[in-house]
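*Asks:* Starting from the given sequences, assemble the full structure and let the hints guide the process.
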Amino acid sequence: MNGNNGTNSENNIKPPATSVGVLGWARANLFNSWFNSILTLIALFVLWRIIPPFIRWTFIDSLWFSTSDECREIGGACWSIIPANWRFMIFGFYPYEQQWRPLLAMVMLVILLFYSRNRDHWKKSLLYAWLISLVAMGLLMKGGVAGLTPIESNQWGGLPLTLMLSVFGLAAAYPLGVILALGRQSELPAIKTVCIVYIEMIRGVPLITLLFMSSVVFPLFLPEGVTVNPILRAQVAIIMFTAAYIAEVVRGGLQGMAKGQYEAAESLGLNYYQTMRLVILPQALKIVIPPTVSQLISALKDTSLVVIIALYDLLKTTQSTLSNPNWMAYSSEAYIFVALIYFACCYFMSSYSRRLEVELDTGL
Amino acid sequence: MNDTATAERNELSDDAIIEITGMHKWYGEFHVLQDINLTVQKKERIVICGPSGSGKSTLIRCINRLEEHQRGRIVVDGIELTNDIKNIEKIRVEVGMVFQHFNLFPHLTIVENLTLGPVWVRKVPKKEAEEMAMYYLEKVQIAEQAQKFPGQLSGGQQQRVAIARSLCMAPKVMLFDEPTSALDPEMIKEVLDVMIDLAQEGMTMLVVTHEMGFAKSVAHRVLFMDYGQIVEQNTPEEFFENPRNDRTKLFLSQILN
Numbered sequence: 000m001n002g003n004n005g006t007n008s009e010n011n012i013k014p015p016a017t018s019v020g021v022l023g024w025a026r027a028n029l030f031n032s033w034f035n036s037i038l039t040l041i042a043l044f045v046l047w048r049i050i051p052p053f054i055r056w057t058f059i060d061s062l063w064f065s066t067s068d069e070c071r072e073i074g075g076a077c078w079s080i081i082p083a084n085w086r087f088m089i090f091g092f093y094p095y096e097q098q099w100r101p102l103l104a105m106v107m108l109v110i111l112l113f114y115s116r117n118r119d120h121w122k123k124s125l126l127y128a129w130l131i132s133l134v135a136m137g138l139l140m141k142g143g144v145a146g147l148t149p150i151e152s153n154q155w156g157g158l159p160l161t162l163m164l165s166v167f168g169l170a171a172a173y174p175l176g177v178i179l180a181l182g183r184q185s186e187l188p189a190i191k192t193v194c195i196v197y198i199e200m201i202r203g204v205p206l207i208t209l210l211f212m213s214s215v216v217f218p219l220f221l222p223e224g225v226t227v228n229p230i231l232r233a234q235v236a237i238i239m240f241t242a243a244y245i246a247e248v249v250r251g252g253l254q255g256m257a258k259g260q261y262e263a264a265e266s267l268g269l270n271y272y273q274t275m276r277l278v279i280l281p282q283a284l285k286i287v288i289p290p291t292v293s294q295l296i297s298a299l300k301d302t303s304l305v306v307i308i309a310l311y312d313l314l315k316t317t318q319s320t321l322s323n324p325n326w327m328a329y330s331s332e333a334y335i336f337v338a339l340i341y342f343a344c345c346y347f348m349s350s351y352s353r354r355l356e357v358e359l360d361t362g363l
Numbered sequence: 000m001n002d003t004a005t006a007e008r009n010e011l012s013d014d015a016i017i018e019i020t021g022m023h024k025w026y027g028e029f030h031v032l033q034d035i036n037l038t039v040q041k042k043e044r045i046v047i048c049g050p051s052g053s054g055k056s057t058l059i060r061c062i063n064r065l066e067e068h069q070r071g072r073i074v075v076d077g078i079e080l081t082n083d084i085k086n087i088e089k090i091r092v093e094v095g096m097v098f099q100h101f102n103l104f105p106h107l108t109i110v111e112n113l114t115l116g117p118v119w120v121r122k123v124p125k126k127e128a129e130e131m132a133m134y135y136l137e138k139v140q141i142a143e144q145a146q147k148f149p150g151q152l153s154g155g156q157q158q159r160v161a162i163a164r165s166l167c168m169a170p171k172v173m174l175f176d177e178p179t180s181a182l183d184p185e186m187i188k189e190v191l192d193v194m195i196d197l198a199q200e201g202m203t204m205l206v207v208t209h210e211m212g213f214a215k216s217v218a219h220r221v222l223f224m225d226y227g228q229i230v231e232q233n234t235p236e237e238f239f240e241n242p243r244n245d246r247t248k249l250f251l252s253q254i255l256n
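As you go down the protein sequences, you meet chains E and H in turn.
For the first sequence, numbering that gives the first Met the number 0 begins at 0 and goes up steadily by one.
For the second sequence, numbering that gives the first Met the number 0 begins at 0 and goes up steadily by one.
Everything labelled a hint here was simulated from the structure, so no lab data went into it.
The beta carbon of each residue, even a glycine, is placed where N, CA and C say it ideally should be.
Hints are not guaranteed to be accurate.
No farther apart than 30 Å at their CA atoms in a straight line, the calculated lysine-lysine pairs in the DSS-like style are these [claimed, not checked]:
1) K258(E) / K188(H)
2) K248(H) / K188(H)
3) K122(H) / K147(H)
4) K126(H) / K123(E)
5) K285(E) / K188(H)
6) K126(H) / K147(H)
7) K122(H) / K122(E)
8) K122(H) / K123(E)
9) K85(H) / K147(H)
10) K258(E) / K85(H)
11) K122(E) / K89(H)
12) K123(E) / K285(E)
13) K258(E) / K171(H)
14) K85(H) / K41(H)
15) K122(E) / K41(H)
16) K171(H) / K89(H)
Quick look at which bits of chain E chain H covers, simulated, 3 or more residues with Cβ under 8 Å [claimed, not checked]:
17) 261–273
18) 279–290
*Replies:* Given below as structure tokens:
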């Protein structure tokens with residue numbers, strides 16, 4: 000900023016070296032006062048005490064493919080628990096020789112999810128691809144057709160169960176939440192009351208309670224001999240729970256809409272359904288992408304609560320692995336592995352939401 | 000301009016397109032519109048002025064049912080406004096509206112803003128609607144912005160797009176609710192020019208505005224409203240030169256100086 004440099008009257012005066020580059024950045028951000036300098040030094044000390052031992056434990060002193068006995072000799076991580084047990088952790092009690100079926104189903108799901116990330120691919124054909132794949136995945140899991148051995152759903156577990164509960168849970172909860180939010184804003188008192196009562200009742204109860212009710216209380220009301228698949232019951236409980244929260248997030252977006260948008264749409268002659276679909280929801284839902292995705296991420300993680308109604312999701316199969324006396328000492332390694340899987344799923348969602356926000360940004 | 004307006008005045012048909020009789024409206028206890036009687040002929044251009052809070056915006060918003068009236072009758076193009084949603088939607092198709100704050104749809108491009116109504120309400124094929132949209136965009140001299148989003152346009156450009164959006168529905172009447180009040184001074188003219196063009200083509204227009212120059216050159220009739228009533232109405236010449244009512248005189252002295 001100093002223009003009084005007599006030897007260089009051109010416009011290309013460079014700023015002093017201490018205000019640019021790594022040095023400048025460090026000065027401006029880490030050592031700009033004595034208090035900050037002390038904090039920086041303390042932070043560096045803590046990092047120095049934590050990171051090298053962690054790297055040592057994770058990579059240097061660790062074993063990756065060994066028996067549990069060999070692991071006892073070392074001071075580092077025993078990652079061998081994962082290769083030794085991964086089939087049970089991922090697939091649970093699904094019969095060993097048939098595990099290619101859930102694997103294939105998951106691969107189909109992941110490919111479709113990745114392909115659907117790009118909004119240019121959102122065409123009718125993609126919708127059909129989803130519908131066909133969903134049926135195919137169901138048949139793969141269930142069997143009983145085309146020479147596949149039937150597998151009862153009480154043998155489903157692990158990652159396929161977690162993914163199923165999450166993907167269907169979120170896919171169904173989101174539209175239901177939007178409908179509930181619109182219903183709560185309705186001018187028809189009956190609809191409005193039903194939606195408010197629903198949302199407030201569900202939000203007033205922990206998910207665990209809903210899951211218990213779906214597995215313990217709900218069957219009491221069924222006629223004798225009639226049973227509903229426990230996975231389906233858990234799935235419905237998750238959908239109902241998540242939808243109530245999504246509804247409140249979406250309502251926030253609807254309230255953020257200017258009255259003029261409704262008036263402009265109505266004065267063109269658009270009816271209620273068209274106004275909402277073409278004008279209000281595209282804007283309102285865009286505003287609430289960040290809180291919606293937070294809600295969906297937390298719903299994904301909440302699927303791990305199904306352990307309490309004896310479903311073997313990814314977390315539960317991992318826990319069961321740890322009940323094996325040979326491996327029970329290596330719970331940290333197993334949980335880190337599971338945490339990474341959850342993290343990958345959640346990070347996929349949050350990175351996608353950021354991308355959507357950028358794509359949908361129209362400058363107003 | 001004055002002369003053309005006077006000459007045309009005699010050519011007005013006797014067909015009424017809007018008939019308002021004995022209309023009242025309340026906001027809670029507050030009596031915003033009191034015994035409004037107004038007949039608008041086809042091709043007639045009316046400017047409504049008055050102090051803020053006098054009910055002039057509310058009056059034109061009653062004509063396409065953005066506001067509900069509680070007593071009296073409003074008949075637009077032979078259809079009476081009642082609670083029947085089908086009638087309301089029929090009337091809204093025939094009545095275009097331009098707002099003070101433009102109210103373009105920010106998530107759609109300019110051309111999508113224009114085709115939305117024709118495609119979904121009038122069921123015009125998309126291609127045809129786009130051609131029509133481009134025709135009107137050229138008319139308001141903004142065709143080169145067709146693929147942009149509203150947020151990238153200036154206020155004056157946005158308001159011209161808003162006018163084009165209404166015209167795409169081929170309305171029989173256009174309502175303007177203070178179309179230049181939210182604009183920077185240098186942009187007012189470009190919007191008024193578009194409105195003058197529209198007037199010359201014989202559009203039926205009801206305009207709430209403080210632009211007295213526009214009223215003088217374009218209006219067949221000027222209405223002055225105060226406290227929810229139509230206090231005085233006359234031809235622009237008479238209205239500006241010989242206002243009869245004291246409140247009109249006071250208002251004109253304030254606004255013209």
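*Asks:* Hint by hint, note whether the structure agrees.
*Replies:* Hints, one by one, checked against the model:
{"no.": "1", "hint": "K258(E) / K188(H)", "in the structure": "holds, 27 Å"}
{"no.": "2", "hint": "K248(H) / K188(H)", "in the structure": "holds, 26 Å"}
{"no.": "3", "hint": "K122(H) / K147(H)", "in the structure": "holds, 24 Å"}
{"no.": "4", "hint": "K126(H) / K123(E)", "in the structure": "holds, 20 Å"}
{"no.": "5", "hint": "K285(E) / K188(H)", "in the structure": "violated, 35 Å"}
{"no.": "6", "hint": "K126(H) / K147(H)", "in the structure": "holds, 19 Å"}
{"no.": "7", "hint": "K122(H) / K122(E)", "in the structure": "holds, 22 Å"}
{"no.": "8", "hint": "K122(H) / K123(E)", "in the structure": "holds, 21 Å"}
{"no.": "9", "hint": "K85(H) / K147(H)", "in the structure": "violated, 34 Å"}
{"no.": "10", "hint": "K258(E) / K85(H)", "in the structure": "holds, 22 Å"}
{"no.": "11", "hint": "K122(E) / K89(H)", "in the structure": "violated, 33 Å"}
{"no.": "12", "hint": "K123(E) / K285(E)", "in the structure": "holds, 22 Å"}
{"no.": "13", "hint": "K258(E) / K171(H)", "in the structure": "holds, 25 Å"}
{"no.": "14", "hint": "K85(H) / K41(H)", "in the structure": "holds, 23 Å"}
{"no.": "15", "hint": "K122(E) / K41(H)", "in the structure": "violated, 46 Å"}
{"no.": "16", "hint": "K171(H) / K89(H)", "in the structure": "holds, 12 Å"}
{"no.": "17", "hint": "261–273", "in the structure": "holds (count 10)"}
{"no.": "18", "hint": "279–290", "in the structure": "holds (count 3)"}
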